[in-house]
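Chains as they are written, first to last, in my numbering: chain X, 26 to 192; chain V, 26 to 192.
Hints may be right or wrong, so weigh each one.
Here are the simulated distance ranges between beta carbons [what the hints assert, rightly or not]:
hint : chain 1 : residue 1 : chain 2 : residue 2 : range
1    : X       : Gly-135   : V       : Thr-96    : 21 to 31 Å
2    : X       : Gly-135   : V       : Arg-65    : 46 to 56 Å
3    : V       : Pro-136   : X       : Gly-85    : 32 to 42 Å
4    : V       : Met-75    : X       : Ala-107   : 45 to 55 Å
5    : X       : Gly-62    : V       : Gly-131   : 41 to 51 Å
Take a look, some chain X residues computed to stay more than 12 Å from chain V by CB distance [as the list claims (entries may be wrong)]:
hint : residue
6    : Ser-43
7    : Leu-44
8    : Thr-81
9    : Gly-135
10   : Tyr-142
11   : Thr-145
12   : Arg-150
Note that these hints are calculated values from the structure, not bench results. Beta carbons: idealized from backbone N, C-alpha and C, even for Gly.
Number of protein chains: 2
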Amino acid sequence: MTRTSRLEAGGACSIARSLTLLGERWTLLVVREAFRGRTRFAEFSAALRMPSETLTDRLGKLVDAGVLTRTAYQEPGSRERAEYRLTESGRALYPVLAALQQWGDGHLSGPEGPPAYLRTRDGGRPVRVALVDDEGREVSLDDIVSVPGPGASAAPGTGPGVGVPAR
Amino acid sequence: MTRTSRLEAGGACSIARSLTLLGERWTLLVVREAFRGRTRFAEFSAALRMPSETLTDRLGKLVDAGVLTRTAYQEPGSRERAEYRLTESGRALYPVLAALQQWGDGHLSGPEGPPAYLRTRDGGRPVRVALVDDEGREVSLDDIVSVPGPGASAAPGTGPGVGVPAR
């Protein structure tokens with residue numbers, strides 16, 4: 026599937042578009058491993074224990090989508106291999122992973138509690154995902170509305186975004 | 026799959042656990058529609074145009090996972106139908122959807138721009154997803170670390186969370 030056809034498959038909604046790429050099984054876990062510093066096929070493979078063909082496919086899709094870059098490296102006496110690194114677009118996925126982690130911490134942890142905490146590097150204070158306004162102040166879910174943007178479509182069933190949170 | 030076996034399949038990582046439920050095709054779009062105020066099977070079906078069997082499956086899984094509640098309603102002269110509403114756990118998924126929307130806006134929008142914007146209800150100021158500390162101050166990606174929590178596992182390949190962002 027080309028990038029364009031992937032976008033069209035998502036309709037005029039950025040959530041659907043993101044899920045067309047990121048909702049595929051394993052894809053966000055590959056991105057998680059990239060955030061953890063893995064760069065080589067063998068490292069992703071050892072960490073995720075996923076089928077090699079699937080890993081090849083997901084790395085290729087993430088490169089095509091501009092989330093990872095693929096560069097060649099060669100160690101003396103070895104054949105050339107590929108290294109995968111997050112682009113700025115890839116690093117921009119951090120809030121997606123952090124939001125999934127936060128929700129899992131709160132709603133899918135067993136009695137033993139969350140497997141990990143996000144903390145500030147200096148001081149070790151708790152870090153969480155929040156919705157903030159243009160001055161960085163936190164905004165409550167009840168105070169958010171969704172308005173059509175320039176790329177809105179009138180096609181039925183493809184309305185934009187997450188909408189107005191309903192009680 | 027029972028809730029417990031789903032949790033185990035995710036290993037000791039809240040991201041993997043969340044994806045085991047939410048990463049399945051259509052599931053987060055069903056949640057998106059619930060945020061848009063849809064409550065009835067026919068409403069979800071008309072909005073998403075997904076196969077009925079799949080919709081039945083996803084609604085059932087979301088109820089089992091405590092994201093939606095299912096209650097019966099009956100209109101005069103009609104048979105009893107089910108209504109699906111977000112629980113508090115379901116409403117806590119808003120940052121996940123908003124983060125996916127934000128990333129899609131920035132990285133998968135066509136030249137026409139984002140399909141929708143999130144705004145404050147009063148004043149219409151831009152709303153975005155951010156990482157904040159315990160005092161609500163925004164934290165940069167470079168200032169975040171991941172530390173093991175009480176539910177951390179020593180099993181290889183199941184390390185917790187998104188880790189330390191690597192450059």
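Output the numbers, in ascending order, of every earlier hint that fails for this structure.
Numbers 2, 3, 4, 5, 6, 7, 9, 10, 11, 12, in rising order.
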